[in-house]
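Enquirer: Using the sequences plus the hints, can you model the full thing?
Chains as they are written, first to last, in the working numbering: chain A, 1 to 391; chain B, 1001 to 1099.
Since the hints were derived computationally from the structure, they do not count as laboratory data. A couple of the hints might just be wrong.
[What the hints assert, rightly or not] To give an idea of the interface, some chain A residues facing chain B are shown, with a C-beta separation under 8 Å as derived from the structure:
no.	residue
1	HIS10
2	ALA17
3	ILE19
4	GLN62
5	ILE77
6	GLY94
7	ASP116
8	TYR117
9	ARG213
10	TYR216
11	THR286
12	LEU294
[Unchecked claim] To list a few chain B residues with every Cβ distance to chain A over 12 Å, as calculated:
no.	residue
13	ASP1015
14	GLY1039
15	THR1040
[Said to hold, decoys possible] In silico EDC-like cross-links for lysine to aspartate or glutamate, where the CA-CA straight-line distance does not exceed 20 Å:
no.	chain 1	residue 1	chain 2	residue 2
16	A	LYS177	A	ASP116
17	B	LYS1047	A	GLU9
18	B	LYS1047	A	GLU12
All C-beta atoms, glycine included, are put in the ideal place defined by N, C-alpha and C.
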Amino acid sequence: MKAALPLAEHFEAGLSAPICLTWELTYACNLACRHCLSSSGRRDPGELSTGEAKAVIDELAQMQVFYVNVGGGEPTIRADFWEIVDYAVARRVGVKFSTNGSRINPDSAHRIAASDYLDVQISLDGATAAVNDDVRGAGSFATAVAALERLAAAGVDGFKLSVVCTRRNLGQLDDFKALADRYGAQLRLTRLRPAGRGAEVWDELRPTAEQQRDLYLWLLDHGEQVLTGDSFFHLGGYGEALPGLNLCGAGRVVCLIDPVGDVYACPFAIHESFLAGNVRAPGGFTAVWRESALFQSLREPQAAGACSSCSAFDVCRGGCMAAKFFTGLPLAGPDPECVKGHGQAALAGVEAGSIPRPSPDHSRVRFSRRRPDRWCDEGPLAGAGVAVSAR
Amino acid sequence: MIPLGPDRAMTAVLDRPLAVAPEVSVRPEPFGALLYHFGTRRLSVLKDPRLLSVIEALSDAPTARAACAAAGVTEGALASFEDALQRLVAGGMLQERGL
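Expert: See below:
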């Protein structure tokens, strides 16, 4: 019952509501990860209120959005975090939230264990403290592992251990898998994007070509045991497609609501070029999803540019829109990490200074350039295995 | 899901009274529907609007066969609908009613 190919065609034209909606509740964070895709740190004063958040949930329930991926920042920092979660669950909108684990206590672990509608993913970017803490900050490995222990002790089954793949940790894939297995968790691997503070460290932390190839083979070996949020479909260019939809879901099956209610095409594309509207406007989120000119245009067939003649195009489809945008590459053309090497060649032609500049930056310490993008890494079907039934 | 006894398992899916499982949400889409199971966290895609009509008719029909008839499924098309319903039962999206 694996996804048959024509499925992607249905999804490319867009859905009545997103399958996977990422909702960043706050830019506030108690960590300052070097690669944070949302450049999080300080709370934005214009953050949605509790009442506004509940109004969004009412809309999601009405639209039958099955579940939301809640992130930040560190979403559990919001004083009304559990109030918002409980409100969603009571309306049959499932919640999967991403956390660094610092506020997972026995009480919250038991709440998660008790509900089919709640899921959690603990972020960890090294299978050892040395590798993890270099990116996520001193003590963060111990914090995350303590959260894994509490979740396992409370009987939470199949929660997620979420890893952003970097040059430093790709040698630890088997160790991550073992760590997840030890706590009854499911491993989730996602791609480092050159966005937010990730743009600053992208050249330093992005996988080498050899690591990309090894990752592809490892993912093929592990199949659907390991979740990827569909974030590595550009690696399909090595040969057969990886499990998943293998399409860019931006504005078609995924989108992002940021802490101030702005709706972007995907969690990795926080830039005015991909801003579709705001949930506070008349018509709310529903109108943005169904009527925004940007989302309508993303649901049209997209130009492939230089990729149209490539033998791998059917599987990789030109890769990730956000990765191209934030490295200064044209959207119609190769991904910067194109496995055929076309991205590397294209990058050589990008003029210095032509790379899109960041909008708001919520870092507690200012960096030279940055764009908020999502820490909570989500692809079209993150967390949901796809089973195609019926004809 | 309610386990089926040996005699039940012998009964063809079309001759059983079925219902959407309580943990499942059904969302109509232009191409058919999406089903999401909150327990297994699996998503199923129905790529035929007639199958959605069948599923919507299940709870008021004595058997799945009657639901198919109510949804206008012709005799010739019945076998493919039987396959689809069988897969949805196996995946826990549908279950037998009233046991």
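Enquirer: So, for every hint listed, does it hold in this structure?
Expert: Evaluation of the provided hints:
no.	hint	result
1	HIS10	holds (4 Å)
2	ALA17	holds (7 Å)
3	ILE19	holds (7 Å)
4	GLN62	violated (11 Å)
5	ILE77	violated (26 Å)
6	GLY94	holds (6 Å)
7	ASP116	holds (5 Å)
8	TYR117	holds (6 Å)
9	ARG213	violated (30 Å)
10	TYR216	violated (24 Å)
11	THR286	violated (14 Å)
12	LEU294	violated (20 Å)
13	ASP1015	holds (19 Å)
14	GLY1039	violated (5 Å)
15	THR1040	violated (8 Å)
16	A/LYS177 to A/ASP116	violated (24 Å)
17	B/LYS1047 to A/GLU9	holds (11 Å)
18	B/LYS1047 to A/GLU12	holds (14 Å)
Figure legend: structure checked against the earlier numbered hints; hints not met, in rising order: 4, 5, 9, 10, 11, 12, 14, 15 and 16.
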